[in-house]
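**Q** Line order of the protein sequences matches chains A and L.
Position one of the first sequence corresponds to residue 661 (this note's numbering), numbered consecutively onward.
Position one of the second sequence corresponds to residue 10 (this note's numbering), numbered consecutively onward.
Source of the hints: derived by calculation from the structure; they are not laboratory data.
All figures in this text were calculated on a predicted structure; none of them were measured in a lab.
Think of the CB as a built atom: it goes at the ideal place given N, C-alpha and C, for glycine as much as any other residue.
Possibly wrong hints are sitting among the right ones.
Distance ranges between label pairs, derived from CB positions [said to hold, decoys possible]:
no. : chain 1 : residue 1 : chain 2 : residue 2 : range
1   : A       : Asp734    : L       : Pro47     : 18 to 28 Å
2   : A       : Glu751    : L       : Leu93     : 40 to 50 Å
3   : L       : Asp85     : A       : Pro697    : 21 to 31 Å
4   : L       : Ser48     : A       : Ser674    : 26 to 36 Å
5   : A       : Pro697    : L       : Gly118    : 17 to 27 Å
6   : A       : Gly707    : L       : Ser48     : 34 to 44 Å
7   : L       : Lys102    : A       : Arg701    : 18 to 28 Å
8   : A       : Ser747    : L       : Glu25     : 41 to 51 Å
Heads up, simulated BS3-like pairs for lysine-lysine below, C-alpha to C-alpha not over 25 Å straight-line [said to hold, decoys possible]:
no. : chain 1 : residue 1 : chain 2 : residue 2
9   : A       : Lys722    : A       : Lys748
10  : L       : Lys102    : A       : Lys781
11  : L       : Lys50     : A       : Lys669
12  : A       : Lys781    : L       : Lys26
13  : L       : Lys71     : A       : Lys781
14  : L       : Lys50     : A       : Lys793
15  : L       : Lys70     : A       : Lys781
16  : A       : Lys793    : L       : Lys100
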Amino acid sequence: MVHFTAEEKSSITSTWGKVNVEETGGEALGRLLVVYPWTQRFFDSFGNLSSASAILGNPKVKAHGKKVLTSLGDAVKNLDNLKGTFSKLSELHCDKLHVDPENFRLLGNVLIVVLAIHFGKEFTPEIQAAWQKLVAGVATALAHKYH
Amino acid sequence: MALSAEDKCNVKEFWEKLGENTKVYGTEALVRTFLSFPSTKTYFSHFDLSSGSLEVQAHGKKVADALSLAVNHMDDLPKALSSLSDLHAHKLKFLSHCLLVTLARHHPGNLNPEVHASLDKFLSCVASVLTSKYR
Numbered sequence: 661m662v663h664f665t666a667e668e669k670s671s672i673t674s675t676w677g678k679v680n681v682e683e684t685g686g687e688a689l690g691r692l693l694v695v696y697p698w699t700q701r702f703f704d705s706f707g708n709l710s711s712a713s714a715i716l717g718n719p720k721v722k723a724h725g726k727k728v729l730t731s732l733g734d735a736v737k738n739l740d741n742l743k744g745t746f747s748k749l750s751e752l753h754c755d756k757l758h759v760d761p762e763n764f765r766l767l768g769n770v771l772i773v774v775l776a777i778h779f780g781k782e783f784t785p786e787i788q789a790a791w792q793k794l795v796a797g798v799a800t801a802l803a804h805k806y807h
Numbered sequence: 010m011a012l013s014a015e016d017k018c019n020v021k022e023f024w025e026k027l028g029e030n031t032k033v034y035g036t037e038a039l040v041r042t043f044l045s046f047p048s049t050k051t052y053f054s055h056f057d058l059s060s061g062s063l064e065v066q067a068h069g070k071k072v073a074d075a076l077s078l079a080v081n082h083m084d085d086l087p088k089a090l091s092s093l094s095d096l097h098a099h100k101l102k103f104l105s106h107c108l109l110v111t112l113a114r115h116h117p118g119n120l121n122p123e124v125h126a127s128l129d130k131f132l133s134c135v136a137s138v139l140t141s142k143y144r
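For reference, chain A alone in the conformation it holds in the complex (with noise of 0.2 Å):
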């Protein structure tokens, strides 16, 4: 189980408080899409992917970026219990979705360049390493139901 320090916390939940979830979903979703295409595989109903302007472009993909980090808001909220609080969401990326868990630890590494795109100087190594933990701990909750 993953541990965050109080220091991990406070880094955490006050980078959190200044992210725009809607734009940063969007970013994140797309980018992730770009770098590593075959991730476009689990969204062919989302239509134009054709390029990276009209995957960014792609409202489908802004909506469902929006409501994947609007998900890790959970996390955030409940930094000690990311098993509990993923618990049916992994079940549902198992069974319905068929997402390869290294997905998840692909796209928590595109979220991280992106947060470093929007904060620039802040995004110290220390609150980058915080982050980190976030996104391995969300990527295993999220793998933890599959079988």
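Add chain L to chain A, keeping to what the hints say.
**A** This is chain L only, laid out in the frame that chain A set:
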């Protein structure tokens, strides 16, 4: 995985804008790697890893110089990187990721999704060449 002409162009253009700062970025990427992925420190038990360490700075510069060399020889990475030490961990992906974070933080305007993708591919190629020396 091969780098397309567009990838090579994206990487070269981006790298050129970094100028002399590459050495600072190389060091920052290493610091981020050690902090975020503590198991990577096991490969540097012979280094002083405290804040401001001169050994880390020197190694950061080596990383930066090697990457600059790679950028100028993208058509034959194995040959260009052949002189680098055999001692490279098979977990170079952590350093690659932290390099991207470092570059994103310092040059947010230049790291659009296409450039991000090209850089990610380029760093994967470099890591792959270096770690294949083990096998």
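**Q** Next, verify each hint and record whether it holds.
**A** Here is what the structure says about each hint:
1. A:Asp734 / L:Pro47: 18 to 28 Å: This hint holds: roughly 27 Å between Cβ atoms.
2. A:Glu751 / L:Leu93: 40 to 50 Å: Given a distance of about 46 Å, which is inside 40 to 50 Å, the answer is holds.
3. L:Asp85 / A:Pro697: 21 to 31 Å: Between Asp85 of chain L and Pro697 of chain A, where Cβ atoms are some 25 Å apart, the hint holds.
4. L:Ser48 / A:Ser674: 26 to 36 Å: holds (27 Å)
5. A:Pro697 / L:Gly118: 17 to 27 Å: holds (24 Å)
6. A:Gly707 / L:Ser48: 34 to 44 Å: 41 Å Cβ-Cβ, so the 34 to 44 Å window holds.
7. L:Lys102 / A:Arg701: 18 to 28 Å: holds (22 Å)
8. A:Ser747 / L:Glu25: 41 to 51 Å: holds (48 Å)
9. A:Lys722 / A:Lys748: holds (23 Å)
10. L:Lys102 / A:Lys781: holds (23 Å)
11. L:Lys50 / A:Lys669: At roughly 24 Å apart (the allowed maximum being 25 Å), Lys669 of chain A and Lys50 of chain L satisfy the hint.
12. A:Lys781 / L:Lys26: With a Cα-Cα distance of about 18 Å, the restraint between Lys781 of chain A and Lys26 of chain L holds, given a limit of 25 Å.
13. L:Lys71 / A:Lys781: holds (24 Å)
14. L:Lys50 / A:Lys793: Holds. Lys50 of chain L to Lys793 of chain A sits at ~16 Å (cutoff 25 Å).
15. L:Lys70 / A:Lys781: holds (21 Å)
16. A:Lys793 / L:Lys100: Roughly 17 Å separates the two Cα atoms, so the pair holds.
Hint compliance for this structure: no hint is broken.
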